[in-house]
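> Listed here are the chains, written in short residue letters.
2 protein chains.
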Amino acid sequence: MAAWARAVRGLLLDISGVLYDSGGEGGGVPIAGSAEAVRRIKASGLKLQFCTNETQATREKFVKKLQGLGFDISVAEVTAPAPAACRLLKERGLRPHLLVHDDLVPEFADIDKTNPNCVVIGDAAENFSYANLNEAFRVLIGLEKPVLISLGKGRYYKETDGLKLDVGAYMKALEYACDVEAEVVGKPAKAFFESALAEMGVPPEQAIMIGDDIVSDVGGAQQCGMRAVQVRTGKYRSGCSGAVQVPKEPNLSWDADSSAAGCIAAHTGSSEVALQGAVLEQAHVCARSKSRVSAAWG
Amino acid sequence: MAAWARAVRGLLLDISGVLYDSGGEGGGVPIAGSAEAVRRIKASGLKLQFCTNETQATREKFVKKLQGLGFDISVAEVTAPAPAACRLLKERGLRPHLLVHDDLVPEFADIDKTNPNCVVIGDAAENFSYANLNEAFRVLIGLEKPVLISLGKGRYYKETDGLKLDVGAYMKALEYACDVEAEVVGKPAKAFFESALAEMGVPPEQAIMIGDDIVSDVGGAQQCGMRAVQVRTGKYRSGCSGAVQVPKEPNLSWDADSSAAGCIAAHTGSSEVALQGAVLEQAHVCARSKSRVSAAWG
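So the protein lines, in turn, are chains A and B. Going by the UniProt record's numbering, the first sequence opens with residue 1, and the numbers climb by one from there. Going by the UniProt record's numbering, the second sequence opens with residue 1, and the numbers climb by one from there.
Bound conformation, chain A alone (with noise of 0.2 Å):
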């Protein structure tokens, strides 16, 4: 086994299309085997924190969402994009436009929105009106110098009826209106990964990313330092990575039916190092980049 793997001590879940389908009437339905992977990890002493682009909810609304999937899960647990943009809009004295999901408001209440002089956008869905968009728009270009906030940069993702445009492609929208580039808050942005690895207490080189997302689980892990996993549930689709730009090929990637969180806690137990073996012995590495995998992971 590789050193780097001894010395593993943390974990960061993506949630959306790795631990649970989002969704549905009930809000969602849990991938295979994840909320046994969930409690298995926990048990094996590994540290854990939950790395999500979610901002169609609050953490505390989401989080009581998985627990009543099945999840052990906590809001202390849950790094999410929207307490971040909070941080930075207070640091910047920028009072936002919002265009994002009703459910996500109140992680604003106490940020000042009037007379705005930025936007921030989350994944809005419904709210994604062509309505909405033009006032976003007006916001913007009004601007002497336009400031957009993008919770993530998300190209889409998967919900129990199938794919939806994210974010991502919204902000590219607004960015072309306006000829400006977002400050994207949340996934692959390093600072976002780096606040996530402080909650664990584990520097970047002691811990894995597991998600589905080859840009925003993958790439920004692997800007940051760590190594990263992409699972091949959610979004993932065969033969994507290829066309999009990421500093390496995902260090491994799961072939499993079941999440990948799954798959690593199948091959544990209680053993910190028997579950780091299982990361490397059980995953499928993608036979097209084995050998920059090996030297990724050497």
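You can take every hint at face value.
Note that the list lumps identical chains together, so a pair holds whenever it fits in one copy or between two copies.
Derived pair list, reagent style SDA-like, types lysine to any residue, alpha-carbon separation capped at 20 Å:
1. K158 / D179
2. K158 / A131
3. K113 / D103
4. K158 / N132
5. K158 / R138
6. K158 / V139
7. K158 / G142
8. K158 / Y130
9. K158 / E135
10. K145 / L163
11. K158 / E144
12. K158 / L143
13. K61 / P106
Don't read these hints as lab results, they were simulated from the structure. Since the structure is predicted, the reported quantities are computational estimates derived from the model, not experimental observations.
Put chain B on the given structure of chain A with help from the hints.
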């Protein structure tokens, strides 16, 4: 007067933002002097073709609206993206999923739309809903080789009640989500300007394009070998041109309250030469780009 100016034989006129501002109950409001300008240009003996990216209605319906607003205009004088797109679809055996305005759909009446193998996007206005964008995205991402055809790539335009996002913004959203580059039919595509020039029977070096969009009108026409004038009506906003890449500065900019066409027409009788002189003499050349403009016109 420059030698080239004596050779000008035709004008291409953008419509929205140059002749009228769209929107509102009557469908739009003419820009002062523009209807009279069209009459004078026609009386002067100059060739005239309207070159628009309008895709919120069929050409027939659009022309009828403009006639109702007092313009001397016929369907044959209008070069628009939808008929050009239909030619392209037929040539390549493409069956579109349409994300366009309801009123544009009849332009595609004789196009096979079963089992789509491409997406055509126009200025769909209210049809740019979250559900419709997701639907177009799913068609595209489901294709082995996604083909996205965009009727123009404008960033925004001005209606009577304010600025609105144009098709280009939504095109960018789908491009990003699907990692594809759209094929643009309409301005600034070279083939589109060439077909407008062919309608007039005037070569590019003997024609001037007049429009309010620095990329679609000015940049596109210049790429095609024409000279271009940017009006300061419509979407024109001071200081915005500099941020956008076009081959050259606009050859001229108007600093008038009324339309550029009105500006031309106000200084001409029936003499073609006098009109061409007016283009040079009455236009207000942007001070900041005087040298480059001189060179371009030399």
